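S.K.: Starting from the structure of chain S, add chain E where the hints point.
These protein sequences, in sequence, are chains S and E.
So the first sequence is numbered by our numbering: it starts at 1 and just counts up by one.
So the second sequence is numbered by our numbering: it starts at 321 and just counts up by one.
FYI, nobody ran anything at the bench for these hints, they're computed from the structure.
Do not take every clue at face value.
As the list claims (entries may be wrong) - Rough simulated footprint, nothing fancy, chain S against chain E, three-plus residues with beta-carbon under 8 Å:
hint	region
1	364–375
2	386–392
3	472–479
4	482–493
5	550–557
6	591–599
Stated by the list, open to error - When the alpha-carbon atoms are kept at most 25 Å apart in a straight line, the in silico SDA-like pairs for lysine to any residue are as follows:
hint	chain 1	residue 1	chain 2	residue 2
7	E	Lys372	S	Glu195
8	S	Lys154	E	Pro469
9	E	Lys438	E	Asn597
10	E	Lys479	S	Asp151
11	S	Lys86	E	Asp481
12	S	Lys159	E	Glu456
13	E	Lys411	S	Val36
14	E	Lys474	S	Leu156
15	E	Lys411	E	Ser632
16	E	Lys479	S	Ser160
Claimed, not checked - Beta-carbon label-pair distances, calculated as ranges:
hint	chain 1	residue 1	chain 2	residue 2	range
17	S	Leu140	E	Glu485	50 to 58 Å
18	E	Ser619	S	Lys153	38 to 46 Å
19	E	Asn597	S	Asp102	56 to 64 Å
20	S	Leu140	E	Gly470	34 to 42 Å
21	S	Gln157	E	Glu378	21 to 29 Å
22	E	Gly470	S	Glu235	33 to 41 Å
23	S	Ser259	E	Asn439	55 to 63 Å
Note that the structure is predicted; figures quoted are calculated from it, not measured.
Don't be surprised by glycine CBs; every beta carbon is placed ideally from N, CA and C.
Number of protein chains: 2
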Amino acid sequence: MAAGEAQEGSEERREGEALMANRVRPLSPQTARSLVESIDAFLFDCDGVIWKGDKLIEGVPEALQALRSMGKKLVFVTNNSRKSRKQYAKKFAALGLDVSEDEIFSSSFAAAMFLKLKNFPKDKKVYVVGEEGILEELELAGFTCLGGPGDGKKSLQLKSDLWFEHDKNVGAVIVGLDQYINFYKLQYATLCIRENPGCLFIATNRDAVGHFTDLQEWPGAGCMVAAICGSTQREPIVVGKPSTFVMDFLLERFQIDTSKMCMVGDRLDTDILFGQNAGCKTLLVLSGVTTLSELQSPSNSIHPDYYARSVSDVIELLRT
Amino acid sequence: MAAGEAQEGSEERREGEALMANRVRPLSPQTARSLVESIDAFLFDCDGVIWKGDKLIEGVPEALQALRSMGKKLVFVTNNSRKSRKQYAKKFAALGLDVSEDEIFSSSFAAAMFLKLKNFPKDKKVYVVGEEGILEELELAGFTCLGGPGDGKKSLQLKSDLWFEHDKNVGAVIVGLDQYINFYKLQYATLCIRENPGCLFIATNRDAVGHFTDLQEWPGAGCMVAAICGSTQREPIVVGKPSTFVMDFLLERFQIDTSKMCMVGDRLDTDILFGQNAGCKTLLVLSGVTTLSELQSPSNSIHPDYYARSVSDVIELLRT
Numbered sequence: 001m002a003a004g005e006a007q008e009g010s011e012e013r014r015e016g017e018a019l020m021a022n023r024v025r026p027l028s029p030q031t032a033r034s035l036v037e038s039i040d041a042f043l044f045d046c047d048g049v050i051w052k053g054d055k056l057i058e059g060v061p062e063a064l065q066a067l068r069s070m071g072k073k074l075v076f077v078t079n080n081s082r083k084s085r086k087q088y089a090k091k092f093a094a095l096g097l098d099v100s101e102d103e104i105f106s107s108s109f110a111a112a113m114f115l116k117l118k119n120f121p122k123d124k125k126v127y128v129v130g131e132e133g134i135l136e137e138l139e140l141a142g143f144t145c146l147g148g149p150g151d152g153k154k155s156l157q158l159k160s161d162l163w164f165e166h167d168k169n170v171g172a173v174i175v176g177l178d179q180y181i182n183f184y185k186l187q188y189a190t191l192c193i194r195e196n197p198g199c200l201f202i203a204t205n206r207d208a209v210g211h212f213t214d215l216q217e218w219p220g221a222g223c224m225v226a227a228i229c230g231s232t233q234r235e236p237i238v239v240g241k242p243s244t245f246v247m248d249f250l251l252e253r254f255q256i257d258t259s260k261m262c263m264v265g266d267r268l269d270t271d272i273l274f275g276q277n278a279g280c281k282t283l284l285v286l287s288g289v290t291t292l293s294e295l296q297s298p299s300n301s302i303h304p305d306y307y308a309r310s311v312s313d314v315i316e317l318l319r320t
Numbered sequence: 321m322a323a324g325e326a327q328e329g330s331e332e333r334r335e336g337e338a339l340m341a342n343r344v345r346p347l348s349p350q351t352a353r354s355l356v357e358s359i360d361a362f363l364f365d366c367d368g369v370i371w372k373g374d375k376l377i378e379g380v381p382e383a384l385q386a387l388r389s390m391g392k393k394l395v396f397v398t399n400n401s402r403k404s405r406k407q408y409a410k411k412f413a414a415l416g417l418d419v420s421e422d423e424i425f426s427s428s429f430a431a432a433m434f435l436k437l438k439n440f441p442k443d444k445k446v447y448v449v450g451e452e453g454i455l456e457e458l459e460l461a462g463f464t465c466l467g468g469p470g471d472g473k474k475s476l477q478l479k480s481d482l483w484f485e486h487d488k489n490v491g492a493v494i495v496g497l498d499q500y501i502n503f504y505k506l507q508y509a510t511l512c513i514r515e516n517p518g519c520l521f522i523a524t525n526r527d528a529v530g531h532f533t534d535l536q537e538w539p540g541a542g543c544m545v546a547a548i549c550g551s552t553q554r555e556p557i558v559v560g561k562p563s564t565f566v567m568d569f570l571l572e573r574f575q576i577d578t579s580k581m582c583m584v585g586d587r588l589d590t591d592i593l594f595g596q597n598a599g600c601k602t603l604l605v606l607s608g609v610t611t612l613s614e615l616q617s618p619s620n621s622i623h624p625d626y627y628a629r630s631v632s633d634v635i636e637l638l639r640t
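In isolation and in its complexed conformation, chain S is listed as follows:
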């Protein structure tokens, strides 16, 4: 039986190792304290972390206020491209949160900044499969755009002599979430990417779904981006999470080492991956799309440093 016992012992060890490899640590009073002490800037995803649709998540205002009073910088990084930074600042204010435009980094802003960094020529145009936020950020950055919600009203009917004209001066197509998606826009974007030499194909993000209403998930930008990949057989440049493009701006703005930043998000494959890619600490909150069983599932390979029920836990645990 000695051999059997030895075998059992090694099985236990293997199980223990597997658990360690798939470690998922809840935030505790002790780890909350050491986390807050070691962090200078907290980066928050918005949807599922700060709010859900148009409803504030419980305890968020108090938690943000407490972190601010401890001298922490707060940054809000959202993949949702429907709004510009200006529109987001209004949403924060409407929910009673005091957040300035400078603290907001949306993927609509990131797309405009990408073109700016690329020195995208001002005489070239941008075709947008997406909503108002992208148009606003592009126009603020001085670019000329076509498409957007206006093209959502355009229709066409396939018939033998139909020829679809597109602007040969379009040098970039930006694709984000678009509730006004239609065949007209799909053809416009496809023609620009396939036929305009050197035309860039930029995705705000590739999230499969998002909580665009309080009650339900809806197809996300990943749906529209995939459609254009399907017709062009091209892959996009992604500027939102988990791409670290936004991080370059954050680093320049705040001059804080990424090891002193903590990314707080509700999605493993965007928020937590983004934080890890950039070298930040990571905290998953369960107030959005990810459940504890998804986090603990053996098929999940993305492990945040900690997890908590919601943002308010961070402060509540400090008081314990």
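M.R.: Just chain E, lined up with the frame of chain S:
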């Protein structure tokens, strides 16, 4: 210099081997004769082979007539799901071609036959992201469907209290080319696939683009299918080319060995691959989307047995 000569000789051999590996043989009077003699059934793709949009390709009626008079069976296999077999028969007739419904295998028919073979329960419903042809074939096969062009007129506007209802009895979603694609349909299909247990996700085909008008290419079913893959993170069952699902029907109908069939098409990644997957001889015609330089490109790995300018070449070469 002997060493140098030997090196040149081996370079020539390597070049020769590369050419053999990437062999592209034009149909000649001799190969046309041996091809026609060895084949009992010719399988034709339609768009780019028989017609382009609504225009017949030159010499096609005479070539088809000549093959019929030699006792060859003719079969028309199209990935375009916009029409039913009945509607295709009308299109053939309008173009002056005498083709019966029984000779036509469209991906819209294939989708309906797939459900029939799967014994899809008659009390379950099918949600269609696609056009009239799919609805017609499904109804002919006795299935109840939702969606299609009618849902192209439905719109929605995201707002906080919006809840989108979907039918829990939908047991299959079929996605094909849809010029009436919109956010409503994308959400409907996504909810069925993500939330109805066991719901099938069927693609008529995954063609990136198609010649749906005479003058231009347009985003194909591959665009709509990719969109639903993007929002559901699921992969579809493909019933059109290059899947060999249609071949099972052809074999049952015609009782001809696939080695005695020749697939004639204008696309390498659907038609020629379909023919090769099924064990048929293959002939690429250059009257559609594939150019000679694409065929001969070193990056192309799909090599038909022969290529010709168009279907009429087959008969013209026999007369040479």
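S.K.: Work down the list of hints and note, for each, if the structure agrees.
M.R.: Structure-based check of all given hints:
no.: 1; hint: 364–375; in the structure: holds (count 3)
no.: 2; hint: 386–392; in the structure: violated (count 0)
no.: 3; hint: 472–479; in the structure: holds (count 4)
no.: 4; hint: 482–493; in the structure: holds (count 3)
no.: 5; hint: 550–557; in the structure: holds (count 4)
no.: 6; hint: 591–599; in the structure: violated (count 0)
no.: 7; hint: E:Lys372 - S:Glu195; in the structure: 20 Å, holds
no.: 8; hint: S:Lys154 - E:Pro469; in the structure: 16 Å, holds
no.: 9; hint: E:Lys438 - E:Asn597; in the structure: 22 Å, holds
no.: 10; hint: E:Lys479 - S:Asp151; in the structure: 21 Å, holds
no.: 11; hint: S:Lys86 - E:Asp481; in the structure: 24 Å, holds
no.: 12; hint: S:Lys159 - E:Glu456; in the structure: 20 Å, holds
no.: 13; hint: E:Lys411 - S:Val36; in the structure: 71 Å, violated
no.: 14; hint: E:Lys474 - S:Leu156; in the structure: 16 Å, holds
no.: 15; hint: E:Lys411 - E:Ser632; in the structure: 20 Å, holds
no.: 16; hint: E:Lys479 - S:Ser160; in the structure: 39 Å, violated
no.: 17; hint: S:Leu140 - E:Glu485: 50 to 58 Å; in the structure: 39 Å, violated
no.: 18; hint: E:Ser619 - S:Lys153: 38 to 46 Å; in the structure: 41 Å, holds
no.: 19; hint: E:Asn597 - S:Asp102: 56 to 64 Å; in the structure: 57 Å, holds
no.: 20; hint: S:Leu140 - E:Gly470: 34 to 42 Å; in the structure: 40 Å, holds
no.: 21; hint: S:Gln157 - E:Glu378: 21 to 29 Å; in the structure: 28 Å, holds
no.: 22; hint: E:Gly470 - S:Glu235: 33 to 41 Å; in the structure: 34 Å, holds
no.: 23; hint: S:Ser259 - E:Asn439: 55 to 63 Å; in the structure: 59 Å, holds
Going through the hint list in order, the structure does not satisfy hints 2, 6, 13, 16 and 17.
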